[in-house]
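As you go down the protein sequences, you meet chains D and B in turn. Under the numbering used here, the letters of the first sequence match residues 1126 to 1283, in that order. Under the numbering used here, the letters of the second sequence match residues 669 to 1187, in that order.
Treat the hints with care, since some could be wrong.
[Stated by the list, open to error] Here's a subset of chain B near chain D, in silico, CB distances under 7 Å, partners left out: (1) Lys785; (2) Lys786; (3) Val787; (4) Val788; (5) Leu817; (6) Lys818; (7) Phe819; (8) Gly823; (9) Asn826; (10) Asn861; (11) Asn864; (12) Asp870; (13) Asn883; (14) Gln887; (15) Ser888; (16) Ala1133.
[Stated by the list, open to error] Straight line, CA to CA, 30 Å or less: simulated DSS-like cross-link-like pairs of lysine-lysine: (17) D:Lys1192 with B:Lys1090; (18) B:Lys786 with D:Lys1192; (19) D:Lys1137 with B:Lys946; (20) B:Lys818 with B:Lys889; (21) B:Lys1090 with B:Lys1103; (22) D:Lys1137 with B:Lys1005; (23) B:Lys946 with D:Lys1178; (24) B:Lys865 with D:Lys1277; (25) D:Lys1178 with D:Lys1217; (26) D:Lys1277 with B:Lys889; (27) B:Lys1090 with D:Lys1193; (28) D:Lys1257 with B:Lys865; (29) D:Lys1277 with B:Lys1005; (30) B:Lys808 with D:Lys1193; (31) D:Lys1260 with B:Lys1099.
Bear in mind the hints are in silico, worked out from the structure with no lab data behind them. Every residue, glycine too, gets a C-beta built ideally from N, C-alpha and C.
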Amino acid sequence: MTDVDIIHAVFKDIIGRATDFSSFDDRLEAQKIVYLLSQAGTSCGDYPFRWYKHGPYSQQLQNTLLKKADGMQPVVFSETGKAALSKIKKMKEESHAGYSDSQWLEALGSIHYLQKYMYPTYGQDNIIEELKTYKPLLKECHLNKRAYTLLKENLLLP
Amino acid sequence: MSTRKCLPYQIVVVNSILDNVHGFIGLTELENRIERLPVFKRLQNISQLGLTNRIFPCALHNRYIHSLGVMYIVDQMAVKLKFDPDERQIIRLAAMLHDIGHYPFSHDVESAYIDAKKVVTHDAENELFTYANNAHEKIKNLSAKSNELKFFMHGTDNIYHHESIGTVVIQNSAEIKKAILECYVDNNPMYKNVDNKIEAVDEIIADISAIITGNAQHQSKYFGENFSAMVQIMHSELDADRIDYLLRDATFSGASYGNFDVGMLIQNLRTGIDPVSKEVIVGVTKKGIGCAEQFLLSRYFAYNQVIYHKYTSVLGCALQSIVRWMIEDDSSAFPYKNIINVAERHESDTRFYSFTDAYLINAINDIDPGKSPCPQPIYSLVKCLKNYQALEMEEEVICSGISPEKVANHIETSKLYLELEKTLATPEVAKEIKKVYQYREMRITKHLPEELFEALLDDSIKSEAIEADMADSYRVDRLQDGLAIIGPDGKPSMLIDSTRSMLHDIYTLRYCVLRTYAV
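Next comes chain B alone, as it looks inside the complex (with noise of 0.2 Å):
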């Protein structure tokens, strides 16, 4: 895809890790060094799926193995779309490097540090109330938010998003710069000009940087011209993070909803440009329309019947309130409170090391009354971890259907969630709740139709909620975003819109459950 003439940068592999989804993964002296950096290691300890083998026993997979999928995936994508061996090696760098920033037992922990970092006060000795109250406001919005204009492109994440710690490590790692700089702009014809080279590997990293986030409107100095492309195949509906995690978490749990015919899927990749906007638009051809669907189904039952079940989900909801209030207490002596100062520090200080599944499950285990307060609520979540057990699900009702309207007057009209409600309105009993609720929801795509998006696109203008010249910026951002078909004549159009996939119809499928749990 470059049109530079100087003669590009090999990639040779110069030693190989075993993988039981890919097969040998080839690594390049490059990557080779920043996998054996302790920084790296580290993700060995850190479980992909967090507490879901305590259900799914044989879903021990952990995020070291996952970067090094999701590299030798990106890197598939990168040669289907003609990426030059530089733009090969910074993208397989960004893929091996995006998860280095991420919490033990994943997801689980980082929304904990989400929720303690926010603005406003949170009571964990109302923790059960605090649980009633979000799956209701959740409900309750169910079908409002659907109609909202956003970005999904968009620069910034929340700084303590896994994400963002992610490029706070890599920005104050030597060694992985003085990685970059020896194996790779060091005899680069590409860098031979560049008086300065810690420069150039500074803008390397800005670049990396950019791509774990997703931030496409970055300024690279070097990929300027494909940089959209690349960024676009490691975030967005179609992207190597996911296909990666769908296949892996399918053979460890045991589940085989994640599986899909991913060698179609890459075979059938392609670039277009926006007419518009003249943007790169990454999609797949009109023979690639079966494989994109099956993907997207796939990650639907895998949402619904592995990290949505009854006992997975409040496993991890338990740990999310456990650690909130190991971060908020005063009393509490967790040495991660300040997250983003270690993650800064790794080098000097090495307590990000070890920080991992390992050393949380005895910090967990070490809680004792006894020794220093812990609200009760907290408490009784502590003991079920500590003892290997689950809550005990009491009720649920589930709703799995392709009218919004029907799926939440399912869930809105409810015994559990009529219950729900009638005890919130009374703040004296509300405060007093003895049972988990939760709710959780998954949609087969989050984007609209373009008749339907440009109608909200019409109306979000004469309400003044978005200005008339935003408009183009939302529809390339859809492009981005959401799965796109590339015609023979390189224009892009989006998935959902084609009458030859079953998304046409089906796009707004979901999944909807809510359930309590006995405390």
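Next comes chain D alone, as it looks inside the complex (with noise of 0.2 Å):
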């Protein structure tokens, strides 16, 4: 089992499909997904991530994507895992008609990165009108707002 095969494994699992990453969509949502999951108490491997124009961006696991899966041996989920995949699943599930898949995975992940990392003190609504000068595509503030009550009903925020 190597890291490809854990992140496709991962992957899989929270989207509900097979990929070989040759989208960018695919890949931005992996981004998405890895980060969140790192929030949510699990790691995938070593990858550390800081803000690039899509939100949370690690080239580390970039490298990896881009690597062809091995496949040889399965991939077994623990605990941990499975109870964090479980969460990242159902807010990506959470209805989000006016955001594309990725676009929603997008707005968790950098909500969740601007509060965190980059404007620690700032409330709710001022993270929001940051999303929206870094990012002018996820526009839709009821969406926005639905995300960041999410991240703090599944305690990835205080």
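Both chains come to you apart, so use the hints to assemble them.
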């Protein structure tokens, strides 16, 4: 089982289908999923993140996504892993008409990163304003607020 | 460096702690208050080098004095770089608190938590197979790793990393916040026009958290101009943490490998401005090249002679496995499984103060398969620690050199590695492994010379591993993290690119060792 296999298994568990990560949207979704999982208490590997234009981004993760999966050994999730995966899946499946699936994950990941790592003293309204500054395409205010609330409800934000 | 005209806060020493590495370390009133808090005093019971004192008997120094030592060094750097007193106080505080979230026995237990919380399952019954597989994976990627692009000054760490735990402690410490308010913010002209002083304290806590975790992207409200430099002197290839631990580990272990001319190094510190990004870069002048090289070589030798000593290394590994099992096992009553919650509530539920070396050793000594089940491989390691024994080394293969291909070839064609490969190739045999395999590697620097770095950037853009407009961010990140030289015109370049430095030729120097131990 390699690092690549783990990411493939995680993606399939959350999104519900396999991928070879040749699509930009799949890679973007993988970035946000792995980031949110890391904040939900489980790690998929050594993937530090920083802000880049589509939100929290890990170059090490990007390097992994561009490799071929080995697929020789099955990936078995730990209890910690299962709990975190369930949390992120639930947030991902929350109704988000107005955003594509990628945009919704981008909103969740970006709001979290802005609040925790860039503007930790800001309140919800200011964070949502900052999100619009950094990402004008994520302009559905009610969805951004819902994303913020979900992050708090799932204890990813205090 | 500040352009603000208001009267500065003054760094006034009210108390001193005697340290046998730096002499007297002065504390301001703010630091004196924090020094007395149980959450800081706890660090007196956390060894800096884990179980190394079982091999180097005098390596008994702790995280407490190391934290004060880092504060001492960072302040010397800050004075040299002409930080104003407000900036000095914040960076001193960040240095003092940088290890406040550390685990007992330091990095070995931290690794246990990080491993225990992975998304994939781990079977403690097959612990020896896991060691073998990990060693094999690291060696398999020996030459591949150096050709991947990555950021060094990143924003996040694993949430179980001691720095992340430290930020949880600080953010949830009413006592630390009160001290900052009463000793620093109140009566400070810098905050006289701030209506909500509590918010100012929260901003300062956020700044300190960002400095501790190396988050150079954090938007500091009060120290925007100089914040990047503040992060770099606590988080880079040349930072106060490394300076102190090298000197301290050399003093206490008795091994001289970590010694270097710290006075000369700090004397030659400067800041420069990257002409493209306009970011502040901390580095040394050309006169500082010799001591910068000495610093890197000292660290290289300190690791391969002390940290990666054949017995200290495997003791750490054993401890890591035992603690990992204690965290993962459902039947284990280990009260620190959810360490983040324990750290958050440390002022109301004081269990965090007891999370020390002494607690953990007692908990390990209490492990008894007669009372509750414990996997055999884990109990073998427990018995070693209980009886003050180290695992007996059976064989080792070591290679140190500047040619990555030769070093990789030496390891990969060794009898030991070939035996490992053969064992792992047969699953039935692999599950019955009866020895511990361990691989360790130390490189003199993780950075590439400019020519290779730019080629890697080009390749990464062409293969779409990165977008073209990220290239400048990578260039700045390289300068901020790596050891930089600041020219007379203030322009930064890398030590690794200077023909005046031996690093120009030996940047690929690495030490690799594969060992087996009988269980």
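- Is the Cα-Cα distance between Lys1277 (chain D) and Lys1005 (chain B) 30 Å or less? holds (22 Å)
- Message: Given a cut of 7 Å on the nearest C-beta pair, is the interface hint for Gln887 (chain B) held or broken against chain D?
- Response: holds (6 Å)
- Answer holds if the nearest beta-carbon of chain D is closer than 7 Å to that of Asn826 (chain B); otherwise answer violated. holds (6 Å)
- Task: Take the C-alpha atoms of Lys1090 (chain B) and Lys1193 (chain D), compute the straight-line distance between them, and say whether it is at most 30 Å.
- Result: Measuring from Cα to Cα gives roughly 24 Å; hence the hint holds.
- Have a go at the Asp870 (chain B) hint: is there a Cβ in chain D nearer than 7 Å to its own Cβ? Holds, because the Cβ-Cβ distance from Asp870 (chain B) to chain D comes to roughly 5 Å (cut-off 7 Å).
- Task: With a cut-off of 7 Å on the beta carbons, see whether Asn861 (chain B) makes it to chain D.
- Result: Asn861 (chain B) check fails; min Cβ-Cβ to chain D is 17 Å, beyond 7 Å.
- 30 Å limit on alpha-carbon distance, applied to hinted pair Lys1178 (chain D) and Lys1217 (chain D): This hinted pair holds, its Cα atoms lying about 21 Å apart.
- Between Lys1260 (chain D) and Lys1099 (chain B), does the CA-CA distance stay at or below 30 Å? Cα-Cα ~50 Å, so violated.
- Straight-line Cα separation of Lys1137 (chain D) and Lys1005 (chain B) no greater than 30 Å? holds (29 Å)
- Has the given pair, Lys1192 (chain D) with Lys1090 (chain B), been kept, meaning a C-alpha gap of at most 30 Å? This hinted pair holds, its Cα atoms lying about 25 Å apart.
- Query: Against chain D, is Lys786 (chain B) within 7 Å by beta-carbon distance?
  - Reply: Where the cut-off is 7 Å and the nearest Cβ of chain D is about 6 Å from Lys786 (chain B), the hint holds.
- Query: Do the numbers back the hint for Ser888 (chain B), that is, is its least Cβ distance to chain D under 7 Å?
  - Reply: The hint is violated - Ser888 (chain B) has no Cβ within 7 Å of chain D, the shortest such distance being about 10 Å.
This entry does not satisfy hints 10, 11, 15, 19, 31, going by the numbered hints stated previously.
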